Structure formats: structure tokens, C-alpha cells
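Chemist: What follows is the residue order along each chain.
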Amino acid sequence: MTPTPRELPADDDTPPACAPTVARVQAVLDGDAPPDALAADPHAAACATCRGRTRAARLMLAALAAPPPADTVPLGLTSSILAGVRADRRARVRRWAFAAGGLAAAVLVAAWLLARTPHAPGVALEQPAPIPAPAPTPPPPLRITDEMAKAGDALRDSTATITGPIADTSKLFAAFTDAMPAANPAPVAPAVDPLRASLADLPDAARSGLEPVTGTAQKAFHRLLLDVGAFQPGKPKS
Amino acid sequence: MSDAALVRRCLSGDPAAARELVERFQPDVYGLCVRLLAHRHDAEDVAQEVFLRVFRSLARWDAGRPLRPWVLGIAVNRCRTWAGRRAKGPELADYLHETPDHRPADDSTELARELRAAVDDLRPDYRTVFVLFHERGQSYEEIAEVVGRPVGTVKTWLHRARLELLDRLRARGFALDDVTPAPRPARTHPT
Chain E
1 MTPTPRELPA DDDTPPACAP TVARVQAVLD GDAPPDALAA DPHAAACATC RGRTRAARLM
61 LAALAAPPPA DTVPLGLTSS ILAGVRADRR ARVRRWAFAA GGLAAAVLVA AWLLARTPHA
121 PGVALEQPAP IPAPAPTPPP PLRITDEMAK AGDALRDSTA TITGPIADTS KLFAAFTDAM
181 PAANPAPVAP AVDPLRASLA DLPDAARSGL EPVTGTAQKA FHRLLLDVGA FQPGKPKS
Chain H
239 MSDAALVRRC LSGDPAAARE LVERFQPDVY GLCVRLLAHR HDAEDVAQEV FLRVFRSLAR
299 WDAGRPLRPW VLGIAVNRCR TWAGRRAKGP ELADYLHETP DHRPADDSTE LARELRAAVD
359 DLRPDYRTVF VLFHERGQSY EEIAEVVGRP VGTVKTWLHR ARLELLDRLR ARGFALDDVT
419 PAPRPARTHP T
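In order, the protein sequence lines correspond to chains E and H. Sequential numbering from 1 applies to the first sequence in the working numbering. Sequential numbering from 239 applies to the second sequence in the working numbering.
Next up, chain H with everything else stripped away, as it sits in the complex (with noise of 0.2 Å):
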């Protein structure tokens, strides 16, 4: 079923298209909300009020245009919403900012956590577009529409992302051998 038809029958009052609606977006919004927040419980609090402003403020989307960024792009704005308001809280234990990885320890887990210590570094913008392109494979014309800014800005954000990121790496030690990359799987743009 096409979103515009999935959006239609939400707006009749359709509890199977609801529910539909909230599977087919729920990975998305609560994995994106998980890496912008960092934090599982906040990510499901956060993931709840994206649906519910989805659900609000469907009868104002434009049918001509994809709703998958339109969705990400409210999720986005909640996360800000949310880290400002949090930042301006007391400061939580760190055990409750910890994301929990359960895979076992070995050098390419110990790269890949400090990657994700290096992109939870990095300014919000930075790490939203980075986090977008990189691990939730929007295209850049997506991530435009997600954070509501022109390429050549999502452009220049994710160049200056991943220079961060790799001078960090080199800080770290972690680029004084040469490894061999493992084949970069072909990106799929979800729609």
C-alpha cells in the first residue's frame, strides 16, 4: 500500500491503517531517536510524541511529497526538542546515557564504539546528518527534507562531520596501520 493511500485511510479512522502506519515508521523513528538522544527510554518517550504529532498533523501533509522524511524530519525536531530540554535538567547518571552493545569485545567492536562515541561528539547537526546518511541510508535530497535545509548545507554539515571523525580516529591510533575495508554494501533508499 502507497503512503498516500495508507495516509488516506488513517484519516478515515482506520485502526488497522494506524497501526500499519506506526510499524511501517517505527524502526526509523525509534532507531533515529536512539542515536540523537542516546538513550533507550528517552528514545521510546520521544518515539510516542513523534506519533502522536504524525498522527495530529496528518491531514496536513502533502500527498506530493514522501512521508517517510516527513516523518523523520518531526522525529528530528523532537529530538532537539528533547536534548534542550534535557540539557537544561539535572545531568543523568552515566549508566542511564550508556546504550548498552552486548557484542563481545574485539578490535573492530572497539573501532565501531569509538565511532559511535565520535558521532555522539559531534555537534547535533552534524551528527544528525551523519547518522542519517550513514546508518539510516537517506539520500542527501532526504536528509534536506528531514532537517529542513538546502543539500549544499546537508553537503558541507556531513564533509565537516566525517573530517571530525576521522581526525579523531587518527587521534585515537586507530589509523596507523592499513586495514582492508570490508566492501561497502550497495545503499538501498528506502522509501
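Next up, chain E with everything else stripped away, as it sits in the complex (with noise of 0.2 Å):
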């Protein structure tokens, strides 16, 4: 009898030769084909490693053949799985029973400690946060620029006429000083000396050197400049 031709496995290396031969070799071992397949094989009679698996596949038959020595269940195995599967049943039990019970008993102790609070039985009310107050915004840091332009502004709007006596001067600083910003902590005003009074209170140099009211002007107002200029601030907060 032929054994049928199987295929063999994609990325076996038998030589095309003896592949006929392996797969009856094979059919044999699987048993869809006698052993008298072996005998029938010509190209084993030329191929000496066909030969020798051919020869070696017979044996393996007669060895498969003879009954395999017996894995004889030991004596009490059974009886042993049996009491290993009560046991591990039990414990399985007992591991349900503790995890139950746990969790029983966390749900008691959270019931108890929410029947303690002085809100019970609803939920502990809260004081609501307080809302933080915004912090106070720090003053805009002073710019010469800007402080000269607003004396400018303010003598510019100054009602007083220019050409009046030399002790409106101090009315006109005052409405310089009134023009600088209120968090200024640092009056201008101290650190400008007072003004005088009278002429009769200026030194006879600048008495003889006086100009008329409106270079006094200037002269007051190139002052003052010079004071503001020389005016620092405190470093604003960063």
C-alpha cells in the first residue's frame, strides 16, 4: 500500500530527494500507513541517511509497540488530591469569610464614626473657606517723565498769574506738590528749601542780580525742576 504524499513543514531542509521518503516515514509513525511502506522505498536502498532513518523508524515502531512501563499510580494518591481539594475548598471558604467580615466590619466602624459627628446623620457640614481679601496693589512706581509732565500740566492750569509778587511762589508749589502722587511717602516739599518770604529776605547778591518777576519765575521754575529730578522714590515692590 502507498502511503498518501503529505507535505512536509515550510521550512524543512530535507533534500528533495529524501522527502519522499521522510513523509512515508512519517505516514508509517502516524499510522496511516503499515510498516511494509519502509521496505517499498527505492530511494532508500541509494541514500544512506534515508536508509538509516528508515531502519531507525522501524525500531522506534517496535519499541512504541511493546507496552510503555507502567506509571503506575501510586498507592493513596487519590485520596490525597481528594483531601488536597477539601482543604484548598475550606481555605478558599475561610479567605470569603475574613474578606466578608472585614469588609462588615470596616462598614460598622465608618457608620460609628459618621454617628459621632455633631452633624449626624448627614454629612459633617463644613465652614466655608473665608475668601482671601486681594492684596492691596502696590502704588505705580513714580517716572520722571511722567511726574514732569503732570508739573507741567499743573503749572500750565495754575490760576496765580505769572506775574505776580515772589511770595505766590509758595502757593504755586503747593499745587506742584498737590500734583504728586498720594502713596508718596517722601514729601517734596521738606526737602526744598523755604522759600523767602520778601525780597528783603534774599542775600544782596542775588538782590542786586534780580531780574524781573518773570526770570524769577523761571528761576523758581528751573528750581523746582531740579528738585523733582533730584527726588527718589522708593524701589517699588517687584
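In short, the hints are calculated from the structure, not lab data. Keep in mind that the hints are not guaranteed to be accurate.
[As the list claims (entries may be wrong)] Non-contacting residues of chain H with respect to chain E, defined by C-beta distances greater than 10 Å in every case (computed): (1) Ser-240; (2) Ala-242; (3) Arg-246; (4) Arg-247; (5) Asp-252; (6) Asp-300; (7) Arg-303; (8) Arg-318; (9) Arg-324.
[Unchecked claim] Chain E side only, calculated, beta carbon under 8 Å to chain H, not exhaustive: (10) Gln-26; (11) Leu-29; (12) Gly-52; (13) Arg-53; (14) Ala-57; (15) Leu-59; (16) Met-60; (17) Ala-63; (18) Leu-64; (19) Ser-80; (20) Gly-84; (21) Val-85; (22) Val-109.
[Said to hold, decoys possible] Counterexamples of contact, computed for chain H against chain E with all Cβ distances above 12 Å: (23) Gly-311; (24) Thr-319; (25) Trp-320.
Predicted model only: the values in this text are computed from it and were never measured. A virtual CB, placed ideally from N, CA and C, is assigned to each residue, including glycine.
With the hints as a guide, bring the two chains together.
Modeler: And the structure:
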């Protein structure tokens, strides 16, 4: 009987000439072909490897046909297995019981703790967190150009006549200081020398070189600008 | 009693059914463990572990599939795990590895011993399919169920395992003379 041809594995490295023999050996070992099929292989007569494999296959068939060494089940294994199964079942039941008991205890403790709170049985009320007051915004930093512009505006808007007496310059200076930012901790006025109340208070040199009132006003303004320029505001907080 | 009915009785807590299930599959499980582990004491431990897992997951068994490959699949997996764990541990003494063969020594015994040693030296996948097919009488389809691989893979593994064994027998000088092979017994596929 000729065994049905079978495919060898795709990555089998059997030479093509030997493939039919190897397939026949596999068929016999599978029980799909009788052992006599091994003897009717012409290729095996010419190929030493296939001849050896064919003989080895017949030996393997003979060895496999003999009853295998009895792997008798040891005495008591069945009882041991059943005892182990029962113990395992009890242990699992115990684990489940412990887990369920622990869960129940946790629930009871949680309920007891909730009952002890003053707002029981509801959820404890919490005081709303106070809304923090907005932080006071620091005063904007002083900029000399802005201050000079303000001073110029104050001078322009001043109602004092520019040809007024020199004593009126204190009012003019007051108008300037009013225009200064209120947050300024260091007032400008104390840093300025007190103005002279009259021409008599001026030194002789100043009196001798006294110019018309218009020039005095310009000098006063120039003095003001110098004072303002010398003013050093505090460092703004960054 | 069918496997499905036996499982139903086991799940209902019938101790007699549990015993019957163990007795029905114990020879296959134990024999397979002995062959895959080559160690009887280890095989006993693993067989016990196998049945623990069988009973733990019996409710998940698909009644539409055969029970034996499912049980043997658990056995193969446990043997693989056990062998891997054993390989990481200290080496056992040689005499503990032996599975004694008390049959008288003659040519056939020597051949059988050589074949058995050659099978033991196969890589685990090949050894598993060879043992299941040639020693436990499982079909390709059942082996595929057991090892969780396609039938084609099982055929390839068995093909290579046989060639390795034949070449080893040739190399050991067992294939020098012709012998008359004994008729191969009809294969029985237990359900």
C-alpha cells in the first residue's frame, strides 16, 4: 500500500530527493501507512541517510508497540488529591469569610464614626473657607517723565499770574506738590529750601542780580525741576 | 456517565463525583507528569496541583468541548511551570532524576531505554507532543487543544521530534541491522 503523499513543513531542510522517504516514514509513524511501506522505498536503497532513518523508524515502531513502562498511580494519591481539594475549598471559603467579615467591620466602623459626628446623620457641614481679601495693589512706580509732565500741566493750569509777587510762588509750589502722587511717603516739600517771604530776605548778591519777575518765575521753575529730579522714590515691590 | 454530567455533579458538591473525576483522569495526568518531569515525586505534587486547579476552574469549563484535553492542558501547563521553577533551583542528584525501569535488560529494553532518554532530551514542546501522540494516544486535534496551538504546528513539532529521534537512534548505532517491526496496535482515542 502506498501512503498518501503528505507535505513536509515549509522550513524543513530535507533534500528534495529524500522528501518522499521522510514523508513515508512520517505516514507510517502516524499510523496512516503500514510498516511494510518502509520496505518498498527505492530511494532508501540508494541514500544512506534515508536507509538509516527507515531502519530507525522500524525500530521506533517496535519500541512504541511494546507496552510502555507502567506509570502506575501511587497508592493513596487519589485520597491525597481529594484531601487537598477539600482543604483548598475550605481555605478559600475561610478567605472569603475573612474578606466579607473585614468588609462588614469596615462598614460598621465607618457608620459608627459618622454617627459620632455633631452633624449626624447627615454629612458633616464644613465651614466655607473665607475668601481671601485681594492684596493691596502697590502704587505704580514714579517715573520722572510722567511727574514732569504732571508738573507742567499743573503750571499751565495754575490760576496764579506769572507776574505775581514772589511770595505767591509758595502757592505755585503747593499746586505742584498737590499734583504729586498721594502714596509718596516722602513729600517733596520738606526737601526744598523754604522760600523767601520777601525780597528783603534775599541775599545781597541775589538782590543785586534780581531780574524781572518773569525771570524769577523761570528760576523758580528751574529750581523745582532740579528738586523733582533729585527726588528718589522708594523701590517698587516687584 | 458523560463528562458534562460528571462535572455538573461535581459543581453541585457531590464528593462521589469528585472522586470519580479524579479516578477518571488521574492515570493520564500522572503518567503525563511523570513523562514530562522525569521525576515521580514531582509528578505526584504536580498531579495534585493539577486537580486543585481543575476543581477551582471547573465552572469555567466549556461543556461544548471535550474534558480530557482541557484537563491535560492544565497538566501540561503545570509541568511547564514546575520544570521552569526546578531549572532555576539547585540541581537534583542524578538518582532523583531517574524513573526506575525494573524490566529485565535485553535488546528491546535497551532500545526502549534509549528511545525514552532521547525523548527526554527533546525540547519541551516536541517532547510534549511526542508523548501525547505516541504514548498517550491523543489525536492531533486533541493535542492542539492541550497545547493551545494549531494542528499544523503540532504536526510540525511532531515531525521534527521524530526526525531528531531517528537521527539519534542512527547515531547510536541502533539502525545498523534490519529488524522486523511489531505490528502497531490500533490507536484508541479516549474521549
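Chemist: So, for every hint listed, does it hold in this structure?
Modeler: Quick rundown of the hints versus the structure:
Every CB of chain E lies more than 10 Å from the CB of Ser-240(H), the least distance being 21 Å, so the non-interface label holds. With a least CB separation of 20 Å from chain E, Ala-242(H) remains clear of the 10 Å interface cut-off, as annotated. The beta carbon of Arg-246(H) sits about 17 Å from the closest Cβ of chain E, which is more than 10 Å, so the claim that it is off the interface holds. For Arg-247(H), the requirement that its beta carbon stay farther than 10 Å from each beta carbon of chain E is met, with the minimum near 14 Å.
With a closest Cβ-Cβ approach of about 12 Å to chain E, Asp-252(H) is found to remain outside the 10 Å limit, as its non-interface label requires. Chain E leaves Asp-300(H) outside its interface by the beta-carbon criterion, the shortest separation being 21 Å against a cut-off of 10 Å. At roughly 22 Å, the least C-beta separation between Arg-303(H) and chain E is larger than 10 Å, which holds for a residue marked as non-interface. At the 10 Å boundary, the C-beta of Arg-318(H) stays outside the reach of chain E, the nearest C-beta of that chain being 19 Å off.
At roughly 19 Å, the least C-beta separation between Arg-324(H) and chain E is larger than 10 Å, which holds for a residue marked as non-interface. For Gln-26(E), the suggested interface contact is upheld, since its CB lies about 6 Å from the closest CB of chain H, less than 8 Å. At its closest, the beta carbon of Leu-29(E) sits 6 Å from a beta carbon of chain H; the interface hint therefore holds under the 8 Å criterion. At about 4 Å, the closest approach between the beta carbon of Gly-52(E) and any beta carbon in chain H falls short of 8 Å, and the interface hint on this residue holds.
Because the smallest distance between the Cβ of Arg-53(E) and any Cβ of chain H comes to about 5 Å, under 8 Å, the interface hint for this residue holds. Annotation: interface hint on Ala-57(E) holds; nearest CB of chain H at approximately 6 Å, less than 8 Å. Because the smallest distance between the Cβ of Leu-59(E) and any Cβ of chain H comes to about 6 Å, under 8 Å, the interface hint for this residue holds. The closest approach between the C-beta of Met-60(E) and any C-beta of chain H is roughly 6 Å, which is under the 8 Å cut-off, so the hint is satisfied.
Because the smallest distance between the Cβ of Ala-63(E) and any Cβ of chain H comes to about 5 Å, under 8 Å, the interface hint for this residue holds. Taking 8 Å as the C-beta contact cut-off toward chain H, the hint placing Leu-64(E) at the interface holds, the least distance being around 5 Å. For Ser-80(E), the interface hint holds, since its Cβ comes within 8 Å of a Cβ in chain H; the closest pair sits about 6 Å apart. Proximity of Gly-84(E) to chain H holds as hinted, the smallest CB-CB distance being about 5 Å (cut-off 8 Å).
Interface hint at Val-85(E): satisfied, since its Cβ lies 5 Å from the closest Cβ of chain H, which is below the 8 Å cut-off. Annotation: interface hint on Val-109(E) violated; nearest CB of chain H at approximately 33 Å, more than 8 Å. The Cβ of Gly-311(H) sits about 18 Å from the closest Cβ of chain E, beyond the 12 Å cut-off, so the non-interface label holds. Separation of Thr-319(H) from chain E is adequate, the least Cβ-Cβ distance of about 17 Å exceeding the 12 Å criterion.
Every C-beta of chain E lies more than 12 Å from that of Trp-320(H), the closest at about 16 Å, which supports listing it as non-interface.
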